[in-house]
Every structure is written in C-alpha cells, then in structure tokens.
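S.K.: As they're listed, the protein sequences go chains P and S.
Counting with this note's numbering, you get residues 1 to 112 for the letters of the first sequence.
Counting with this note's numbering, you get residues 1 to 114 for the letters of the second sequence.
Accuracy of the hints is not assured; some may be wrong.
[To be verified] Subject to a maximum C-alpha distance of 20 Å in a straight line, what follows is the list of computed EDC-like cross-link-like pairs (lysine to aspartate or glutamate): (1) S:Lys-24 x S:Glu-83; (2) P:Lys-56 x S:Glu-102; (3) P:Lys-26 x P:Glu-53; (4) P:Lys-26 x S:Glu-44; (5) S:Lys-78 x S:Glu-102; (6) P:Lys-69 x P:Asp-83.
Since the hints were made in silico from the structure, they are not lab data.
Just so we're clear, the structure is a prediction, and the values are computed from it rather than from any experiment.
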Amino acid sequence: SQQGEEDPQALSIQEGENATMNCSYKTSINNLQWYRQNSGRGLVHLILIRSNEREKHSGRLRVTLDTSKKSSSLLITASRAADTASYFCATPSSGGSYIPTFGRGTSLIVHP
Amino acid sequence: DAGVIQSPRHEVTEMGQEVTLRCKPISGHDYLFWYRQTMMRGLELLIYFNNNVPIDDSGMPEDRFSAKMPNASFSTLKIQPSEPRDSAVYFCASTLGAGAGELFFGEGSRLTVL
Chain P
1 SQQGEEDPQA
11 LSIQEGENAT
21 MNCSYKTSIN
31 NLQWYRQNSG
41 RGLVHLILIR
51 SNEREKHSGR
61 LRVTLDTSKK
71 SSSLLITASR
81 AADTASYFCA
91 TPSSGGSYIP
101 TFGRGTSLIV
111 HP
Chain S
1 DAGVIQSPRH
11 EVTEMGQEVT
21 LRCKPISGHD
31 YLFWYRQTMM
41 RGLELLIYFN
51 NNVPIDDSGM
61 PEDRFSAKMP
71 NASFSTLKIQ
81 PSEPRDSAVY
91 FCASTLGAGA
101 GELFFGEGSR
111 LTVL
C-alpha cells in the first residue's frame, strides 16, 4: 500500500537557488529513502535515512526526518540545471513486508 | 557490474497482442521487483520475488498479467492479451536482503498498446 506522498508536485527555480521537497507518510517506518529520476530513465537512489536519525547529508543534499510528524524533507542546495529531475520518497510498505513503496514524486525544474 | 538490464526499452504493439518484458537483475541480488509507472497512478509495485520465488503478486492488475523468475539471473513480465490501458513504463529493480534497503532500477521498458 502506498505510504509516502511528496509535496509540492512541481517546483520551478533558478540555478543557484535551494530546492526543498517534502514527503509525508502514514505509518511508522524504520527508514525512508529518496530517489531521483531523470526524464526517460530509471530511478537512482540518493540517500537513506533511518528512523533514529534526524538529519543526513550527502554532497549538496540534506535530508531531515521527523518521525513525530511522519514527514521528511529533501533540500538541494545551490541547485544546478543538471538537478532537473523528478524526486521520489520511498517508505517501507505497511503490513510488515518492508518493501519500498513510492509517492508520485516532485518534478523539479532548474532554469539556467 | 552492468546494473539491472531490461529489454526491450520500447515496445509498441496492438491491442490483443502478447507482450513479454525481460529483466536481468544485478548478480548476487536476491530480491527482484516489477513496478509500473503511469502519470495517473505513479509508481506501483506489481510483484516481487525472493530467491526466485514470487512472494507478493497482489499488485498485479488482473489475470492478463503474469511474471516468472526461472533462475536468479532472469525474470519476465508477460501481458496477454494487452490492452491500451496497459500503456506505461515498466521497471524492474533488484536488491540484496530485506528491510527496505536501496533498490537498483533498470532503465525501464516503455510499452505503448494501440
């Protein structure tokens, strides 16, 4: 069953600006992942944050997790045109199978 | 490693025809997933295998869809007969171990049913 939903659905910014995407989910999780999908390509894993972590960094990416609010955010700092893609959060499905289920994604456009 | 390999990348067929999509997972991975992506429904899990055994096929839309994994290095998703509403991008992904860890996706098979 689908758990996570991203917000906003679409985001358009200028190069150099920061981009923030949010993910809300419904039930308790042990981890949350963020993926990126370039147009016409498969999804690529960006970062995994565990339920006992509040923040994680990877290069220009910063992910936060608030388990009390059942939400996560992905921040891309100093965005580049090459960051244009769709971004998805994935959470383990409810029911104990722990299979990643995906939201509909945020479509990010970074204008040069 | 070459990553997850899917074929064909693009398939255009007519309603009623049989469609077979193929996937080669990353060597050593013991979980294989088939997802379908559409604008309307996003990314949906169709079925997944563990050690070549189908574990959960509750996402398969109907009996027209079937999936097999005859060995650790090959899986197929078959649609027979195909319908226009099956038009979507079908992704195969693999991973090692349970626990909702990182999935490795193929580039997808874009299916268009006329």
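S.K.: The structure should be examined with respect to each hint, and the outcome stated for every one.
M.R.: Hints and how they fare:
For the given pair, Lys-24 (chain S) sits about 25 Å from Glu-83 (chain S) by alpha-carbon distance, which is inconsistent with the 20 Å threshold. Only pairs whose Cα atoms come within 20 Å are accepted, and Lys-56 (chain P) paired with Glu-102 (chain S) is accepted, the gap being roughly 16 Å. Only pairs whose Cα atoms come within 20 Å are accepted, and Lys-26 (chain P) paired with Glu-53 (chain P) is accepted, the gap being roughly 18 Å. Our distance criterion of 20 Å between C-alpha atoms is met by Lys-26 (chain P) and Glu-44 (chain S), whose separation comes to about 17 Å.
Restraint check for Lys-78 (chain S) and Glu-102 (chain S): not satisfied, since their Cα atoms lie roughly 26 Å apart, outside the 20 Å limit. At roughly 28 Å between alpha-carbon atoms, Lys-69 (chain P) and Asp-83 (chain P) are farther apart than 20 Å, so this suggested pair is violated.
The structure fails hints 1, 5, 6 (numbered hints given earlier, in ascending order).
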